Structures are given as structure tokens and as C-alpha cells.
Amino acid sequence: MAAMEFPPRGRPTRRIDPAALRALMLGLLRAVGCPQDIAEIAAEVHWEADLRGHHIQGLDHMTELVGNIRAGRIDPEGRPELVRDGPAWAQISGHNGLGHPAGLLAAATAVEKAGGAGVAVIGVKDSADIFLVGYYAEMIARAGFAAVVTTNVPPHVHPFGGAEAVLGTNPIAFAFPTAGADPVIFDMATSVVAASHIRQAAYDGSPIPEGIGVGPDGRPSTDPKIVEKGSIGSMAGHRGSGLALCLGLLSGPLVGAATGKALDSWLGRDVPHKGLGHFLLAVDPGIFGDVDTFRAAVEAHLGEIRGARRAEGMEHVLVPGDRLFETRARSLAEGVTMYENVWREAAKLASTLGVEMPA
Amino acid sequence: MSARPVKTMPPEVLRDYMERLLRAAGCSDINAKEAAEVILEADMRGMGMQGLDHMFSMFADLERGTIDGNARAEVIGEGLATAMVDGHRGPGPPAAVLATDTAIRKAREAGCATVGLINGAGIYMVGYYVERMARAGLVGCAFCVSASLVHPYGGVERRLGTNPLAIGIPTAGDPVVFDMATSALSFSRVKFAAYHDEPLPEGMGVDSDGNPTTDASKILDGAVAPLAGHKGFGLSLCVALLSGPLMGGHAGKAIDGWHKPTGEKAPRSQTFIAIDPAAFGDPEEFRANAQAYIDEVKSARTAPGVDAIRYPGERALARRRESLADGVEVLEKTWEIAAEYAEKLGVDVPA
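From first to last, the protein sequence lines stand for chains A and B.
If you read the first sequence in my numbering, its first letter stands for residue 1, the second for the next number, and so on.
If you read the second sequence in my numbering, its first letter stands for residue 1, the second for the next number, and so on.
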């Protein structure tokens, strides 16, 4: 295909010492009033994202996160709390704090409840972004359960047939234990691309391919700065649009949170502020059969897929998550790959907060 | 695409025809009645690919004995918020209705429920079951692993099913019913294109040598592409794992036979999840909030040339109303094939 590759490959990068990167994230969060334990939980999520090469959820999100704390949309000292529950479900309030600790408590609660009842649905309200949804799904899978995690996101996406942002990029993650050491983890946005790719393109003003987004007037645009103010399309047309709508209802109204334009305050618009919501599901394979048979059947299916004849020009057929832990190990050993433009933005943020950048 | 010729008939006539065909093919009265109910709903909603046309595969399976037309599904185990339904290798739709109703019952007790259906067959229009949960006031999800037809991202050989997933959500009005295949096209979309010698758009699949093709019949021998590249591929894999191995069932090669006229077929399995909104708050408030969001999405500015934004299930339910009023449309081609089966089975074809 002659289409422009997006996000583009070969963007300039540098390597950052992993410990220094973590310290930087921690320093930025501490500088805006996060207590040490909350800052550590949040830094861990973004650090893991960068280690795994999932750079749209890494250091690059600190500017937005810090901005939300300074604007009063997130209480840096807010702590999540379980507000009501049954044997197979729970509702957690994020108490307007950071999303990461709320996500972590929700995942731990999902594991505990599913361990007793075989299945658990956990809803989180009054929260903020949990970023790497696969992180929480992975936690549940490492405890031996199948996991589904989704979240609503302020509207950046127009519905199929529309030209106005009313859907979030509403990501969904699945994770399953395997017969090996690591779970299989799949994590996707329901939009044609993640909104963060548009933001990163806007740093340098690089054009984005046609057909991804429209401006605030609803007209197609390839200028990321215009599309940032407008909206992007859904993955695969009506199917991604329908899926985003359903996930917005599951992680919004179902769990007691808002969705759609009611979340516009997160985009800096002058509307009453509402927290985000999250939805987590955990299922115990041991309820439905033998756990070892389950893990072996998962592994067998993954093996069949990896063994499929390759398309021309493809080196491997990979299953989701195949490269993830290799990349993580390499990042720890050789340093974390970081886009130069992301690093530059982080340096600006660090300078306004008086935090020292690593060499 | 040229209009495909159709035949129109009253729903009751089509229902009766379906029931008689199913009984003649070996289904008990109750299985024929319950299966026809689900299958007719597909034709009424304009989803002919899950309707009468899809029954032909059941006739073949009944004849070979891979489906036992008399077997009734039963609940074989229950936990606090879980249940297991054994289909006993009977027809899929009646077993799936039992699994759905079990999920509804358990979720009302426990707040949420996961029900596995094992030793089953194809369950046809997945949206039917989540709509049933939504009409009972619950959020419903269903996941179905199907026989391999779809190549993985980066591969050219079939390894995954079209593996559909469906979500049903109650609102203040008609429920949201979202039902999608995780492949670029569903099996039946490809089959229907093959019926009419219509070329498919580029990028929808490959032939048996792995070469890209727009010829539907070659894709049926080769593989369909996953939806939206790696995203549909990942979703497909997760649907397979949720509804196959997680339930103690199968995915991949073990169930490949369901697309073939001969050969071994391990039983199919599916997963049904129901969630009671009352667990998290006032269910009326939930319905009102869900409706308000649907209204917001529908009122978004439209793209040029678009008359309306529709929410998932809206078109299908509008079509159902039309079918009730004006009759159900069935493809001529489907009708002809059904008539051949009817003759073989000694069933009268409606005039």
C-alpha cells in the first residue's frame, strides 16, 4: 500500500537509563503534591509502558497528568475506596484522585472476588485516566484469571457517519494466563489510532495521513493541531464505533460514571467536572474445567497461530504480547528508547516544575 | 453492487416452514420450535446470513449425526455467580437460550454471572442472546469461537474463526444490540457474494495459495482477513480464548470441521455474561443515562452525505418492524437451496 505510514517509523530517539526515567516520573509527580506511595504507583504504570515500547502511555502522558492535577481536576492526595460490593462485584470510588491507584485496587479486588465467586465485575467511578489498560489486565491474568479491562475516555472520536467528538478512544484490554511464564495480553484503542499519536505528531507539526481525522468544523484535515481540536474516526468504521459506544456505557453509566461530552472538562472545556469510570471483569478458569488443561489449550492455540504460513515480506506471525517482554528486558538492559520530541516536551515540563532532567 | 433478487413472505409462513424443515431433518418438536424462533429473528432483522440460509449447515450436521436433533441442553453445574450448560451436542440455538436465561437468573441473584455452554454447536445470530439479556434489564455479553476461516495478521493461512462478540445494553427505549464478527467480513457475507458472483473489495482475503484475491469463492477456500489488521486479529484471539479454552472447550484446528462437509468436529462452546445494573446503582437512572448518551451520539453533527447516525441494533430493529408489517425478505438463492432441501426431506414449500 502506498498509504503513509502512521505513526511514522524512524523518528529520532534516544536511550534513557531506566532508573533515571523512573526517578524523573516520580520527581514530576512529587512536585505537584502526590504523596510518595501514590506517586510510586502512578510512575510504575508509565514506566512499564515506556519499558514495553508502548510510548503513548509513558513519560509522554506526564504533561497532561500534571496539567490535570494543577487545574484541580485530579486531587493528588485522593485515595480510592471500595464503596459497595457483593460476592461477585464491587464498586470503587476513586475519590477524584489519580486513576492508577484506583485501577490497581480494582484489579486486586477483581482477583479477590473472582477467587471466591468464579467471576467478578468491578466498576470504578470518580476516577481519572488509568492509562495502560493492559497493565491491570495483566495483574489479573498473573493471578490465574482471564481478564477484560476497559475505560471511558473524554471524547476525541466521532461516531460512524458523524463529524463531531462524542465517543472516547475507549480502549479495551484482555489478558489470559498461558502455560508459559507470561500471560498473553492484548490492548487496543477502538479509534482508528490512539489520540496520543495525534498529540505526538502535533509536537513537530508533522502531517497525519488523510482519513484519520477532521477539524472542529467537521472537515477532513491532515494537520494534527487541527485534528486535536476536532475528532478522529473509529477503528473499522461502524464496528469500532459501535464497540466504543458499548464500552463507554459499560465503563460509564453502568458503573456510576459519566461518558461522552459530560467528560469535556478533561479537555479544558468549561463544563461541570465529572470523573472517569472503569470496568474490569475477571473469570476463574478453574470453575469451568481443569486449569492445566485450560493453560495448555491456550498455548496450543497460540502455537497454531504462530505456525501459520507468513504473508510475503513478514518475518513472523506474532500473537499479541509476543514482543512485549523481550522489549521490556532489552529496555532494562540497554536503556529505554524515548522519542526525542517526547523527551523535549518532558524537559519543558520538568523545567516549569523545577525538576532536574537526567543527563 | 446490483440488487440481489429476494422473495418476501409473512413471518408466520417462514417460521412454519423453518420448523417443518427442522423437524424433517431430525429435530424434536421443541428443538425445532426454539431453533426456528432464533433463526427467524435473524431473517426478520435483515441478517439473512444467520437466518434460513444458515440452517443448511444444520441439516448436514443432523444428517451426519454431528448434531443430535433430540438432545436437550441442561444446566450441569452452578456456583454463586457461574453456571455450566451442557448442550449434549444438540442444536445450538435452544442450548444458547438456556445458557442466556441461566445467566439472567444467576445475575439477578449475584449481581453478575458467567455461564459456559459446552458440547454445543453454532448458535446463529449472537445478538439475539444479548438482546434477550438487555430486555431482561441486564447488560449482556456473548463470545463465540468458530471454525477457522480467518488468517492472523502477518499470516495467510486460516487459523482463527470469524469469532463474533456481542454486547446488549438496556436503555429507556430499544436496547443497544452490538454484534460483530472480528473478521473483515463474516463467513456468510463471503458466501453470499459467492452466490451472486460479486467481487469483494480488495484486502478482504486471500486464496488457498495465500495470494490476495477479490473472488469470494477463492476466499472461501483460502482465508478471510482479520478486521482492521492487528486489532481484529487480537480481538478474534481473545474471543476464541474466552469462549473456547476458558470454558473447557476448544479453539482452532480442533473445531475446523464445522466449515467442512466431512471430518471430525469437536463440539463448540460459547460464553455468556450478564451484569445487573442494580448492583452499581439505581437501574432506572442507568437506563436514563444510557438513553441520554445514545441521544447525544445520534445528535452529533453528521459527515457530508450521511442522513443519520445510528446506534448498534437500531437498523436491525427498524427492519424487524418492517418485516412484521410487510413480510420478511429472503434471498432468491437461499430460497432455491431451501427448496432443494425441502424436496429431499419431503417438506412442502410455501407458495
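Bear in mind the hints are in silico, worked out from the structure with no lab data behind them.
As the structure is a prediction and not an experimental result, all values here were calculated from the model.
Accuracy of the hints is not assured; some may be wrong.
[Claimed, not checked] If the Cβ cut is set under 10 angstroms, some of the chain A residues that face chain B in the computed set are:
(1) 237
(2) 287
(3) 304
(4) 311
(5) 338
[Stated by the list, open to error] Only pairs whose alpha carbons sit at most 27 angstroms apart, straight line, appear in this in silico DSS-like list of lysine-lysine:
(6) 298/B / 274/A
(7) 261/A / 298/B
(8) 333/B / 229/A
[Said to hold, decoys possible] Over 10 angstroms on every C-beta distance to chain B, these chain A residues come out as not near it, computed from the model:
(9) 162
(10) 184
(11) 228
(12) 229
(13) 312
(14) 316
(15) 325
(16) 343
(17) 347
(18) 351
The C-beta atom is built at its ideal place from N, Cα and C for all residues, glycine as well.
Structure-based check of each hint:
A hinted interface residue such as residue 237/A counts as satisfied when its beta carbon comes closer than 10 angstroms to some beta carbon of chain B; here the least separation is about 9 angstroms, so the hint holds. For residue 287/A, the interface hint holds, since its Cβ comes within 10 angstroms of a Cβ in chain B; the closest pair sits about 5 angstroms apart. Taking 10 angstroms as the C-beta cut-off, the interface hint given for residue 304/A holds, the closest approach to chain B being about 5 angstroms. The beta carbon of residue 311/A comes within 5 angstroms of a beta carbon in chain B, closer than 10 angstroms, and the hint placing it at the interface holds.
Below 10 angstroms, beta-carbon pairs count as interface contacts, and residue 338/A has none with chain B, the closest being about 24 angstroms; its hint is therefore violated. Note on residue 298/B and residue 274/A: the hinted pairing holds, with a Cα-Cα distance of about 22 angstroms set against a maximum of 27 angstroms. Restraint check: the Cα-Cα separation between residue 261/A and residue 298/B comes to about 13 angstroms, which is no more than 27 angstroms; the hinted pair holds. As the CA atoms of residue 333/B and residue 229/A are separated by approximately 49 angstroms, the hinted pair breaks the 27 angstroms bound.
Not every CB of chain B lies more than 10 angstroms from the CB of residue 162/A, the least distance being 4 angstroms, so the non-interface label is violated. With a minimum CB-CB distance of about 8 angstroms to chain B, residue 184/A fails to clear the 10 angstroms threshold, and the non-interface call is violated. No Cβ of chain B approaches the Cβ of residue 228/A within 10 angstroms, the least distance being about 18 angstroms, so the stated non-interface status holds. Once the 10 angstroms rule is applied to beta carbons, residue 229/A is consistent with being away from chain B; the minimum gap is 14 angstroms.
The claim that residue 312/A is not at the interface with chain B is violated, since a C-beta of that chain comes within 10 angstroms of its own (minimum 8 angstroms). With a least CB separation of 7 angstroms from chain B, residue 316/A falls inside the 10 angstroms interface cut-off, contrary to its annotation. Residue placement check: residue 325/A keeps its beta carbon more than 10 angstroms from all beta carbons of chain B (closest about 16 angstroms). For residue 343/A, the condition that its CB be more than 10 angstroms from all CB atoms of chain B holds, with the nearest at approximately 27 angstroms.
Separation of residue 347/A from chain B is adequate, the least Cβ-Cβ distance of about 33 angstroms exceeding the 10 angstroms criterion. The claim that residue 351/A lies off the interface holds: its Cβ sits roughly 38 angstroms from the closest Cβ of chain B, which is beyond the 10 angstroms cut-off.
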